[in-house]
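Chain by chain, the residues run as shown.
There are 6 protein chains.
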Amino acid sequence: MPVITVTLIEGYDAATRRNFAERLTDAARAAIGASLDGITVVINEVPAENYMRGRTGRMPGAPPPSPVSVVRDYLAAMERRDLEAAAAFLADGFTMTFPGGAVFSRPEELVAWARDRYRSVAKTYDGFDEADGAAGSVVYCFGSLHGEWPDGAAFEGIRFVDRFTVADGKITDQRVWNDLAEVRGGRR
Amino acid sequence: MPVITVTLIEGYDAATRRNFAERLTDAARAAIGASLDGITVVINEVPAENYMRGRTGRMPGAPPPSPVSVVRDYLAAMERRDLEAAAAFLADGFTMTFPGGAVFSRPEELVAWARDRYRSVAKTYDGFDEADGAAGSVVYCFGSLHGEWPDGAAFEGIRFVDRFTVADGKITDQRVWNDLAEVRGGRR
Amino acid sequence: MPVITVTLIEGYDAATRRNFAERLTDAARAAIGASLDGITVVINEVPAENYMRGRTGRMPGAPPPSPVSVVRDYLAAMERRDLEAAAAFLADGFTMTFPGGAVFSRPEELVAWARDRYRSVAKTYDGFDEADGAAGSVVYCFGSLHGEWPDGAAFEGIRFVDRFTVADGKITDQRVWNDLAEVRGGRR
Amino acid sequence: MPVITVTLIEGYDAATRRNFAERLTDAARAAIGASLDGITVVINEVPAENYMRGRTGRMPGAPPPSPVSVVRDYLAAMERRDLEAAAAFLADGFTMTFPGGAVFSRPEELVAWARDRYRSVAKTYDGFDEADGAAGSVVYCFGSLHGEWPDGAAFEGIRFVDRFTVADGKITDQRVWNDLAEVRGGRR
Amino acid sequence: MPVITVTLIEGYDAATRRNFAERLTDAARAAIGASLDGITVVINEVPAENYMRGRTGRMPGAPPPSPVSVVRDYLAAMERRDLEAAAAFLADGFTMTFPGGAVFSRPEELVAWARDRYRSVAKTYDGFDEADGAAGSVVYCFGSLHGEWPDGAAFEGIRFVDRFTVADGKITDQRVWNDLAEVRGGRR
Amino acid sequence: MPVITVTLIEGYDAATRRNFAERLTDAARAAIGASLDGITVVINEVPAENYMRGRTGRMPGAPPPSPVSVVRDYLAAMERRDLEAAAAFLADGFTMTFPGGAVFSRPEELVAWARDRYRSVAKTYDGFDEADGAAGSVVYCFGSLHGEWPDGAAFEGIRFVDRFTVADGKITDQRVWNDLAEVRGGRR
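Residue numbers (my numbering), protein chains in the order written: chain A, 1294 to 1481; chain B, 1294 to 1481; chain C, 1294 to 1481; chain D, 1294 to 1481; chain E, 1294 to 1481; chain F, 1294 to 1481.
Hints were generated in silico from the structure; no laboratory data involved. Some hints here could point you the wrong way.
In this list, chains with the same sequence are indistinguishable; a pair is considered to hold if it fits within one copy or across any two.
[Stated by the list, open to error] Listed below are the simulated SDA-like cross-link pairs for lysine to any residue, each with C-alpha atoms no more than 25 Å apart in a straight line:
(1) LYS1463 x LEU1329
(2) LYS1463 x THR1417
(3) LYS1416 x GLU1441
(4) LYS1463 x GLY1440
(5) LYS1416 x GLY1436
(6) LYS1463 x SER1362
(7) LYS1416 x LEU1329
(8) LYS1463 x GLY1436
(9) LYS1463 x GLU1338
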């Protein structure tokens, strides 16, 4: 218990359906604490012509890129400093907030600001978390930074976490926390 | 589209059912990008005697405290320095990781470590995010810290984020990031 | 075959549900020619709190007056010459078309026009038919007229049929055919 | 709301299924006044071997010709004076009733009676309405007549309405009203 | 797997519903070899007014006495030699067949025939089995006989099995096998 | 009434599904006394990838040989004295009980014991009955024996019944009753 039955228009691939079923299972566990063994999910596919809402047939939309994959692709573009590609993932009105409260709206601003913080930086990911809500999804990633200080000395293993708000396939907000200041302070 | 139907044993209160339906709606949006207007959730309750799995009747379990409420209660206990109450929320093997990579397993250790970092601290929350997965839920909270430095000077508006892993109603892991070092560095 | 299952929010009375089930049965017969014996209709009621569309709970609307009852009430008001009550059933833009192609938009116009056609008239109904469509319902009634000619002679048994278009509980169009001219012609 | 799910044996073509879904939608609107946007219809097809009633497998019947198409074909045969073809659409015990109350049971009788009413007549249709009920369907058509009076003069635009009762693919009753007498009276 | 959902008119008591769910579980195991743990049965009760077949409401029938209970009650009546009560469980055309092929249609005949076989006899039951089929149910009971031989000597532990056909709450056929002859042969 | 809907993973052949549906129909009749005409069974097949329990996909198991076919095959092997083949149908701990209470655990023991009871024996079956329960199925077969007495004289028409317990495709228990002693006694 419970049994969750989904009526879906045909056309979503098996991976999308599996992902959907897993999310429904997770929702059941979180909402009612059901034991995993008792959660059954059945996806019942019907051809588009067998589904009508408001006396109108409906077609399955293309499933959107997952919020996590949007964030991954954005971070990869930033890491290779392909600012144009990165900007394509950002919604109008996007802002990014960095340690100390610095706020930017375009990748270029971040790059300029970071210049006297580090010569280069890259991320090693320990995990991604996705929280889905009414207004979109929130994606966190966390792990460690490695790179070079402005003086060329290498650093690694510096803890970080990023929080992204994703709506309709675009990132509307990014917030960053990390231990760079903690470590930098220790260097002095 | 889709239509999600849940067969549930009677006995969950209306708030739990509403929460369940919202989570299922969010899962549908995140998984297949369905437009909100087309996502229908129906919860079909049956008396316990009308449900049988494995030729055995089943009773609805008590819904567990939500992962977010576990975290909130733990944080409240920590803030009022009720370490015994706080410890009751922690699973065996719990660890907490703080800026700079300090790792503790008991609230007392944190309190001792923090002594020369700040005289007091409290949190203002901007939000909680919950990500549900096969192994449990991850809860993030973020916002700003206010309190007093060891020298008695006040601080406020210092950004923080905490990440908690919650399984079976207990916290197994806490990770903390904040801008204390960033701000402290600026004070020097 | 077929089995038709309706998920409905609790709150519709038994007569409304029975009427709904009958209409669904009739739709199945007309659409696929199913034998009556094989058409099963099940109405599955769920409390309002167990139904959510677009992440929003829904309440059952009050079922509207049936199109046939709107027409009956309008005809009764006209027959007792309560023109104000009759007008309350008419939508903006209403027109009524009478034998010979006379078109009116208000009951008063009809009354004036009819004055030298008959002194009084009333209807005996043989039946009402309702055809439901995307844009609303069409109601027909047919039977016979009785009353008095302008010279006071009585008439009866004169065939008539009326066609009404009803949308959102209001009559938008009325068309009338009858044998008054046929009979009147025979009197000369 | 509501969600209407139909379990149907495979074998009905897409047009039949669409027509069925539309009729169910219309039934929901008429019965409970549901807003169109909230009416979902799902047709769930199962192979014939997966359906059993009374421990007996069932096969989908051929969907019957729609009542409207039966009437259209009958009217077309009458208009081209193919009385044999027309008669094939008529059930045993069929009667047709014409203005003034003339009743016939065979097309030939109508043709004979009409001879001194008009030399020829044809219909222009403004619409067809179908009302489905327990005992079969009622089809109305309405529009205008054009043709020639017995003296060879042309007429057109004369209002008419026909009411047909259709059961099991045959017409059991036809009733006709029109303004021929109204107009003829005006000619004298 | 599988999930078996039953739509049932309200009015059957909990024991009947439980028995129904158990039989469905057993049918699933026997038919497809499903592991017990994966067989889910849900009984969905609807008020009588929400169920319509053939455009006609249906009322739940009184569940019949179970075939096993019919047989038990008949056997108890026979054992206490209440032949009138026993006969009330027998359908028209009933026959009973005994070892050696003796066939009777009324309890009295059996009693007369048995007179020189044993002075008295009673049954100890090891079990009842019920096999349900299209034409009704077959009930077997087996165990051991004890009683007195015609010469007054006691016997016990003599194996027997009876097979009953039950349709519409009446026994139509009884067949009896036992080891009386085997044991009697050994006495000689 | 009732309507029984089964959700099944694709992969069972048509005969298995038909057999499943018949068993569900029989269960409904036996449990609630439903009239056959009102029992509808629908099997809804979904691809394996659309079914998940405990967040794990499931595959349809191979349907086991039916209990009746296990018994038939065992009896055929015994009749042709293929004791090795017969033994393959027997579970560990199997016992068989014969008239007079003789108990064996291996086919060879039966063969030895029967040697001075008859020279040969074969069965003509009047029917098989299968009773399904939580612990497995019970199969009965009954009919008549024919063969030769030890002295070579032929016999036929001797009534018998066998009861088999079948679990997981193996026979765990066999009990036999017949009229051999009854008839043999009559020969002396």
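- Up to 25 Å CA-CA - GLU1338 versus LYS1463, copy category: Answer is neither; intra-copy 29 Å and inter-copy 38 Å both fail.
- Query: At most 25 Å between C-alpha atoms: does LYS1416 with LEU1329 qualify within a copy, between copies, both, or neither?
  - Reply: neither (34 Å within a copy, 35 Å between copies)
- Query: Given a CA cutoff of 25 Å, do LYS1463 and SER1362 count as a within-copy pair, a between-copy pair, both, or neither?
  - Reply: Intra 11 Å, inter 30 Å, cutoff 25 Å: intra-copy only.
- Item | Identical-chain pair category, LYS1463 with THR1417, by Cα at 25 Å | So LYS1463 and THR1417 pass the 25 Å test inside one copy only (23 Å; across, 28 Å).
- Message: I want to check one pair: LYS1463 and GLY1436. Are their C-alpha atoms no more than 25 Å apart within a copy, between two copies, both, or neither?
- Response: both (23 Å within a copy, 23 Å between copies)
- Message: At most 25 Å between CA atoms: does that hold for LYS1416 and GLU1441 within a copy, between copies, both, or neither?
- Response: For LYS1416 and GLU1441, only the intra-copy Cα distance (12 Å) is at most 25 Å; the inter-copy one is 33 Å.
- Between copies, within a copy, both or neither: which fits LYS1416 and GLY1436 at Cα up to 25 Å? both (7 Å within a copy, 24 Å between copies)
- Is it within a copy, between copies, both, or neither that the alpha carbon of LYS1463 lies no farther than 25 Å from that of GLY1440? The answer is neither: 28 Å in one copy and 36 Å across copies each exceed 25 Å.
- Query: With identical chains treated as interchangeable, where does the CA-CA distance between LYS1463 and LEU1329 reach 25 Å or less: within a copy, between copies, both, or neither?
  - Reply: between (33 Å within a copy, 17 Å between copies)
The structure does not agree with the numbered hints 4, 7 and 9 stated previously, though it agrees with the rest.
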